[in-house]
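For the protein sequence lines, the chains are A and B, in the order given. Just so we're aligned, residue 9 is where the first sequence starts under my numbering, counting upward by one. Just so we're aligned, residue 261 is where the second sequence starts under my numbering, counting upward by one.
Any given hint could turn out to be false.
Below, in silico cross-link-like pairs of lysine to aspartate or glutamate (EDC-like), each with a Cα-Cα straight-line distance of 20 Å or less [unchecked claim]:
| no. | chain 1 | residue 1 | chain 2 | residue 2 |
| --- | --- | --- | --- | --- |
| 1 | B | Lys478 | A | Glu294 |
| 2 | B | Lys502 | B | Glu300 |
| 3 | B | Lys502 | A | Glu168 |
| 4 | B | Lys502 | A | Glu166 |
| 5 | B | Lys478 | B | Asp393 |
Covered stretches of chain A (chain B as the covering partner; in silico rule of three or more C-beta atoms under 8 Å from a C-beta of chain B) [claimed, not checked]:
| no. | region |
| --- | --- |
| 6 | 70-79 |
| 7 | 149-156 |
Treat the hints as calculated values from the structure; they're not laboratory data. From the three backbone atoms N, C-alpha and C, an ideal C-beta is built for every residue, glycine too.
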Amino acid sequence: MEKASDTKIQPPVSYPTLKKRRKHGKMTSSFTGRLAHLSWVIFFTLPALIPLSIFWVWPMLYSLYISFTDWDYMSPTYNLVGLQNYRNLLGDEAFFQALLNTVYFTAGSVVPTIAGGLLLAMLLHKKIRGGSIYQMILFSPWVTPTVAVSIVWSWIYEPEVGLANWALSLFHLPPLEWTGSMEWAMPAILIVTIWKGVGWAMIFYLGALKKVPEELYESASLDGGSGWKTFRNITLPLISPTTFFLVIIMTVEAIQAYDQIQVLTQGGPAGSTRTILYMYYQSAFEQFNMGQATAVATILVILTAFLSLIQFWTSKRWVHYQ
Amino acid sequence: MYKAKMWTITGARHAALIGFSLLMAFPFLWMALSALKTNEELWNFPEVWLPAIPQWHNFLDAWNSAPFGQYIFNSAFTALVIVLVQTLNSAMIAYAFTHLEFKGKNLLFSLILATYMLPAAATYVPSYIMLADLNMLDSYKGLIFSNAASVFGIFLFRQAFLQIHREVIEAAKIDGASHWRILWKILFPLSKPSFATFGLISFVSMYNNYLWPSLIIKDEKLLLITAGLRQFFVQEGAYGIKWPLVMAASTLAVIPMLLLFIIAQKWFIKGLSDSGVKG
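With the hints as constraints, model all of the structure from the sequences given.
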């Protein structure tokens, strides 16, 4: 293995020297050759590995350590308190509320975004006049800052003169308090999140649909399968790797959603839109309870890792790889 | 008969697509329209759809009531530097993963991929402390350094490099080209679409980034557009005094990204759909 790969490697020497050396036969297995190779590997990997380890790997471990302390950020000293922070969390009703809200937000944003993305992709998939213009408009929310568009939505949700209530009045529905009500604050945030993400999911599905062989559809229609049947038995299984990919990526993203919550509700009213991440932000950067905050972070990491694992395992059962 | 059926299907598709497109574009239109209204028009119910006289000065007023030009420049500048750094180091490590042999290569790649799944927010407390210790809070050095690596970029470039035929690289090696030359003179030109896609997506996400920059940058002059806009919103919008200005400011923040997207949409869309997963 080593030898086979060694022959491919050339040391970082100039062209003439290399030619000269080549006359003397193999040199890649020599000590200097290996050293040169090693320095190339270090040179190519370190620029990415340094920031990755300083701002990803090390903080994860450090965060775990802080979660066993009672540090408040201001004072230079702290005590090791063992699992106290975790015990506090598990005894805290607000934490379970946040956990529930996170599940609500994740399911409520991921499922409609993916379904909507697929619907849009199905509409756009076959050649249609103006297809690229539709595509552009549908995708455009994704490129804009969540903070800015959430501000616009907060105006749409304005309870007295906002557009959302005007739209409801068209259907003779009573006006809502939207971000001011415990019941409707979360749906309000979900609408913004879905609006922003659905075009993104659509793009991935368009790519996936392109790769479904046309012959499969033809043979299905010869067999007299209905549109729905073809969709269920051919399209859906063949694009399932994309669905799988989107579910994972969007779940991880949903767990980390912050901007729209911060602008629209700040976790309120009465904690009804406070997710785990928002709770983490509040205890770390509003209350400076670092021990508590990092304990929440640990749970966030475990939750994400756990979800990724579940999705990875179940995917083996239902994802159809070509 | 068959033709008539095709026509109705196409018609229905157009109708649905137009409906969805309107729904998606509407918040943007509403934002721009609201920015052109007077406060009285804005607070009228039922809705006043079009301003009687477009209040173009709202944009000027918004522009003058907070340093939005500075904010937008700050965001664009830091995003650009971060993209350049990320592109450089991601391409390099992707080269190492695809064209250099070393022990533990696959393990290292798996580890890096695993971090992609982990929530970045979980690193914020220690990263904040570290930047404070390094005296890099309230500086672009800190912002750039802490965003210097991109797992997405590493993944994307690795995929791109894997698709390039080995013979091309072998030929270059025989000609005595160094790894550095092979990366930038051969792999880079052959995978330009991936570089374009990565550059754009990373630029957009850095420009739109809010939580982390708002934690480490508090200096008024250094604020990014997201934090600056949010501050303006809290000051002016919350009490309903200057909503037209808030809408004008939001429009100013959104327009650069929409323009960039319209100009380069091919790279966004094609790059995303090709780079994702194989169907």
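Hints versus structure:
1. A hinted pair counts as satisfied when its Cα atoms are at most 20 Å apart, and lysine 478 of chain B with glutamate 294 of chain A qualifies at roughly 15 Å.
2. With a C-alpha separation of about 11 Å, the suggested pair lysine 502 of chain B and glutamate 300 of chain B falls inside the 20 Å cut-off, and the hint holds.
3. With a C-alpha separation of about 16 Å, the suggested pair lysine 502 of chain B and glutamate 168 of chain A falls inside the 20 Å cut-off, and the hint holds.
4. Taking the CA atoms of lysine 502 of chain B and glutamate 166 of chain A, the gap is near 14 Å; set against the 20 Å cutoff, the hint holds.
5. Between lysine 478 of chain B and aspartate 393 of chain B, the direct Cα distance comes to roughly 17 Å. Compliance with the 20 Å bound is thereby established for this hinted pair.
6. For a cut-off of 8 Å, the count of residues in the region 70-79 of chain A with a CB near a CB of chain B stands at 3, and the three-residue condition holds.
7. Given a C-beta distance limit of less than 8 Å, the hint that chain B covers the region 149-156 of chain A holds, as 7 residues qualify and 3 suffice.
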